[in-house]
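Residue numbers (this note's numbering): 41 to 446.
No wet-lab data here; the hints were simulated from the structure.
Hints may be right or wrong, so weigh each one.
Pairs of lysine-lysine residues, derived as DSBU-like cross-links and limited to a Cα-Cα distance of at most 35 Å, are as follows [claimed, not checked]:
(1) K223 / K199
(2) K367 / K345
(3) K370 / K199
(4) K345 / K223
(5) K345 / K322
(6) K367 / K290
(7) K290 / K345
(8) K223 / K322
(9) K367 / K322
(10) K322 / K199
(11) K290 / K322
(12) K345 / K285
(13) K370 / K322
(14) K199 / K290
Since this is a predicted model, take the numbers as computed values, not measurements.
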Amino acid sequence: MTGTVAVVGLGRVGLPFALFLAQRGCAVHGIDTNPATIEALRAGRLPFREHGAAEALAATHGTRFHAGSDLAALAHADTIIITLGTPVDDFNNPIFLPIENLLRAALPHMHAGQLVVLRSTVAPGSTEHLGRLIERSTSYRIGQDLFLAFCPERIAEGKSFSELPEVPQIVGGVDAASGARAKQFFTQVTPTVIEVDARSAELAKLFCNMYRYIDFAVANEFMMIAAQHGREVYPIIDAINRDYKRGGLKSPGLTGGPCLYKDGFFLTGKIPYNELIASAWKIHETTPAYLVDQVRARLPLDGAKAAILGMAFKRDIDDTRNSLAFKLKKLLLAEGADVHLHDPLLPYASRDEALRGADAIFLAMNHSAFDDLTLDGLRRLAKPAAVVSDIWNILGTNRIVFSLAA
């Protein structure tokens with residue numbers, strides 16, 4: 041790859057992409073307002089876990105990758121990648137102000153001929169909105185002087201370096217010229233580039249996230265329905281999916297994370313029938329309370345020691361944003377439980393410390409580090425009649441909630 045790229049926002053979307061581009065041969069200016077992030081990168085340290093990123097940082101730091109906080113670096117770029125997303129307010133409406141303020145601060149450092157790409161998930165119409173803002177604030181014309189596109193991140197967190205060259209990239213320009221420029225850039229990243237318009241690309245990202253969110257919600261609801269009939273859901277899922285070409289039913293779990301939590305609200309504000317997406321959100325957000333109720337039916341929680349294993353929102357990552365494990369913690373504290381936390385990728389208590397003497401155990405995330413968990417191992421540390429909540433079926437018992445004494 042050739043050219044100079046500025047990546048604005050060195051979070052879990054921006055930093056891996058910046059390092060990937062630098063590793064591929066681009067000169068990359070990484071820009072972020074967090075002093076701790078910049079300090080860590082300049083010292084050669086990653087601020088979070090990402091497979092392959094440490095090697096890329098070591099190979100490119102100070103040569104093809106430079107981290108800083110000054111937007112003046114934008115002047116050197118042919119392509120500007122913005123990874124600042126659109127958060128929601130207390131009423132779950134999209135907030136455009138952060139990205140608007142960034143663009144206003146960036147415009148004095150930009151020049152004609154640059155391609156500007158929005159990369160993080162945004163509300164539909166955000167790219168067009170920013171195009172209007174540029175044209176009203178400057179003499180630049182989109183599609184002639186500056187080129188603007190939305191090209192969503194489609195990579196599983198933690199797997200950027202393996203998936204970026206393989207996963208098809210969707211590019212959506214606000215006009216044909218912008219789309220062509222974005223396609224030209226991303227063809228250097230991955231061989232398959234799918235070109236649509238900007239709003240279609242925004243919707244594609246949201247539809248993909250919401251399809252998965254609803255899919256997982258159905259699994260959680262089926263778990264609850266099975267329990268109403270005195271049955272466990274895992275044997276039923278196996279019966280449905282095994283060797284059946286129209287199977288594919290997902291397993292239950294604590295499904296969270298910043299994108300899945302908020303993205304549906306970008307879609308439901310202007311439609312009269314939003315129950316499907318809204319119901320998926322309600323199912324996921326109430327699953328921790330359902331599990332606590334199931335455990336409390338078997339064990340008084342007031343004064344009990346409760347261990348939560350797995351605080352990240354996804355398997356084998358160290359990202360806790362919108363993790364339902366914290367809702368689980370809050371509910372248990374409200375019940376009067378003495379709550380102890382463990383995550384192998386985060387600075388909490390050790391696993392043994394959390395489990396020792398536990399009356400209740402919640403396996404909140406299916407990290408691969410938990411693959412060695414066994415019933416005998418839990419019995420050696422926890423109380424003999426401790427109640428276990430294993431929504432991910434880590435222990436392979438096919439039971440969601442059960443006693444170690446059973």
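Hint check: K370 vs K199, CA-CA at most 35 Å. Holds or violated? Holds, because 31 Å separates the two Cα atoms, which is no more than 35 Å.
Pair hint K290 and K345, alpha-carbon separation not exceeding 35 Å: Since the Cα atoms of K290 and K345 sit roughly 31 Å apart, the hinted pair holds (cutoff 35 Å).
Holds or violated: K345 to K223, with C-alpha atoms at most 35 Å apart: violated (55 Å)
Quickly compare the C-alpha distance for K367 and K290 to 35 Å and report which way the hint goes. Since the Cα atoms of K367 and K290 sit roughly 22 Å apart, the hinted pair holds (cutoff 35 Å).
Keeping to a limit of 35 Å between CA atoms, is the pair of K223 and K199 held or broken? holds (22 Å)
Under the criterion that the straight-line Cα-Cα distance not exceed 35 Å, is the pair K367, K345 satisfied? holds (17 Å)
Are the Cα positions of K290 and K322 separated by 35 Å at most? This hinted pair holds, its Cα atoms lying about 18 Å apart.
Given the hint that K322 pairs with K199, test it: the Cα-Cα distance must not exceed 35 Å. Holds, at roughly 29 Å.
Under the criterion that the straight-line Cα-Cα distance not exceed 35 Å, is the pair K199, K290 satisfied? Measuring from Cα to Cα gives roughly 21 Å; hence the hint holds.
Check the hint pairing K345 with K322 against an upper bound of 35 Å on the C-alpha distance. holds (28 Å)
Within a Cα-Cα threshold of 35 Å, do K223 and K322 meet the stated pairing? violated (38 Å)
35 Å Cα cutoff - pair K345, K285: Violated, at roughly 45 Å.
Violated hints for the displayed structure, listed by number in ascending order: 4, 8, 12.
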